[in-house]
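*Asks:* So the protein lines, in turn, are chains A and B. Residue numbering for the first sequence is 1161 to 1550, as defined by the numbering used here. Residue numbering for the second sequence is 812 to 1069, as defined by the numbering used here.
Everything labelled a hint here was simulated from the structure, so no lab data went into it. Every residue, glycine too, gets a C-beta built ideally from N, C-alpha and C. Keep in mind that the hints are not guaranteed to be accurate.
With a straight-line Cα cutoff of 30 Å, these simulated BS3-like cross-link-like pairs (lysine-lysine) come out [as the list claims (entries may be wrong)]:
1. K1180/A to K1045/B
2. K997/B to K1045/B
3. K1382/A to K880/B
4. K1539/A to K829/B
5. K1545/A to K912/B
Not close to chain B: a few residues of chain A, all C-beta gaps over 10 Å, as computed [to be verified]:
6. D1213
7. E1228
8. K1254
9. Y1275
10. N1299
11. R1370
12. V1381
13. V1388
14. L1511
15. V1513
16. A1518
17. S1520
18. L1528
19. F1535
20. I1536
21. K1539
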Amino acid sequence: MNNIITIMKKELTRFFTDKKMVFTSIIMPGLMIYIIYSLMGGFIQDMVTTDEDYKYKISAVNMPEAIESMFAEQNVELKKTGPVDIDDTKAEIKSEKADVLVVFPEDFDEAVSEYDVQSGEKAPEIEIYYNSATTNSANAQMLITTTLDAYENSLSNKFDVNCDEKHDLNDGADFSEKMVFAMIPMLLMTLISSGCVAIGPDFIAGEKERGTIATLLVTPVKRGALAVGKIISMLIIAVLCAISSGLGLILSLPKLMGDAEIFKNTSLSAAQYALFFVVILSSACVLIAFVAVLSAQANTVKEAGTSVAPFNILIMVLSVAGGYTGGEKLSKFVNLIPVFNGSRCMSDMLLGVKDSFALSVTIGSNILYAIVMIFILTKMFSSEKIMFSK
Amino acid sequence: METILEAKDLKKIYSLSKKQQKLEKSGIKKKTAVDDLSFEAYKGEVFALLGPNGAGKTTTLRIISTLIKPTSGDCIVDGVSIAEQPEEVRKKIGFLTSELKLEDYFTPNYLFDFFSKLHGVSDEDREKRKEKLFKTFGIDEFAEVKVANLSTGMKQKTSIAVSLAHDPDIIIFDEPTNGLDVITAKVVTDFLIQLRDEGKTIIVSTHIFSLVEKIADRVGIIINGKMVLCDSLKEVVKEKTLEDVFFDVYVKEVGSDE
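Chain A extracted, bound-state conformation (with noise of 0.2 Å):
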């Protein structure tokens, strides 16, 4: 026990003290995310979103009253134009200068009042004149379309289809909540993960490439000690490096998403919490455990980083399998799949689905794979062939 502690102190302190190394592995993945989610958030908010204080510039040809006054209801001032002013308005619209002009037909109401459904023939038609690559036109043609569809309406009002909010007999989570609650285990696996490919290459297949493995398989060390102090220092860092990326992604979701309320429906107890993160951390054990072994058997980093990528799309594929799955009743042997396991039990959590057998199965296999791990690794710190092979 003591050299396992002396062996994850060794690998800690080589990795805390290194400034450089602390930032682009930890620091930098949350910072980059916060950064580049809020940026993204906030320039897809300023693409769809006008300001509060803008006036839209809509010109209008012969707008009957009663739609004039569903505008003015609603602040929108509007320029009433003339037939022969189209082609300019339309020339302004392109310039960005105006942002929409709607032509009615002369003597809309009677004519809207004389048409006949049934008759076949072309109804009286409004025109809306756009640009849709500025932001504004874009806005003020669908305040026009939605407002027109209003006064449409309002002229064959005979039924009303749900006036409150009482009919949804849903009282979990709604559609676009379980997309974001597959999302969110897939998005853990998939940031240990990359912890783990980040880190896992130079713990061993660095030590090996730089000679100074063989310095610590002459000393007493059980290799099975060596093995678990490795494991444990990378689990360390490799969970820090989530939890980096998942506060960095936590704090710019809200951007991201235009502050929409995500978790309305997911309220965890202190216990579900404590299995949450159970269930993470046997994943993450699986995951650098098997990293490891990867790492073990090659000679370089650079030789282990090329057969840890693949690593990254097979967990990216699981956890996704599994977030999506979450909810769903599957055969209960699916459970025994790393990683499809974990992402599966953290979205059934999320889902307020109880399964404690799908529970204990997950914890207990991850816990069973990453003891295997340790026992091969233990193994090939023991072999010349794979320690000292050129």
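Given chain A, work out where chain B should sit, using these hints.
*Replies:* This is chain B only, laid out in the frame that chain A set:
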């Protein structure tokens, strides 16, 4: 004299990779690096393994230090078998070879403490050992400098100090003065003599005749993995110089055209 180390019929056969087979150009798939090699080392002596490059010296020392396993045979180190109790053997020996590198990121001070802990040395003993070894090699001056910034000589001194952190009775050094400048080489040679005077058993491999003549009590000449001569230095150099004896043996074993 008390035998402290006994190598019995050590054999090491390597399977050659395809790349190695191409380099060998002989089409052989296996290579015998050590061939039924036996010798004894006595307590408090310096035993020198002498041989050309590729003779099997380093492989022999790696087997004794449990870094690799013999294909057959065994070595008893202070009553412990390398095949049965390798961890116990590692507690008893201090091993230094050029392939054992120190992590560039750490300082000699940190590495000494780290390896002392792995060997189970108490804090008190560690500080005493550190003071002595650091003073002997002048490591105090660069104890807090990262290994990456040390010269080859400084690194070698640090490696020796680290390999002896647990004060082992049996010390195995593979080419201890290789690549060192004359001053550092002298410091290392004098230290080996000092260790011998303290009653430590030293097994050293080298191809430097002068080093063997200066420090060794007994000498073993290895050629093509076989121990072709093993005797006290006094007996070996009775009639000829060590260099002449070595080349006589070499020509006899390999032929003059090699």
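*Asks:* Each hint: holds or not?
*Replies:* Status of the hints after comparison with the structure:
| no. | hint | result |
| --- | --- | --- |
| 1 | K1180/A to K1045/B | violated (58 Å) |
| 2 | K997/B to K1045/B | holds (23 Å) |
| 3 | K1382/A to K880/B | holds (16 Å) |
| 4 | K1539/A to K829/B | holds (24 Å) |
| 5 | K1545/A to K912/B | holds (19 Å) |
| 6 | D1213 | holds (57 Å) |
| 7 | E1228 | holds (76 Å) |
| 8 | K1254 | holds (63 Å) |
| 9 | Y1275 | holds (83 Å) |
| 10 | N1299 | holds (57 Å) |
| 11 | R1370 | violated (6 Å) |
| 12 | V1381 | violated (5 Å) |
| 13 | V1388 | holds (14 Å) |
| 14 | L1511 | holds (46 Å) |
| 15 | V1513 | holds (47 Å) |
| 16 | A1518 | holds (42 Å) |
| 17 | S1520 | holds (37 Å) |
| 18 | L1528 | holds (27 Å) |
| 19 | F1535 | holds (17 Å) |
| 20 | I1536 | holds (19 Å) |
| 21 | K1539 | holds (13 Å) |
Violation of the numbered hints given earlier is confined to hints 1, 11, 12; the remaining hints are satisfied by the structure.
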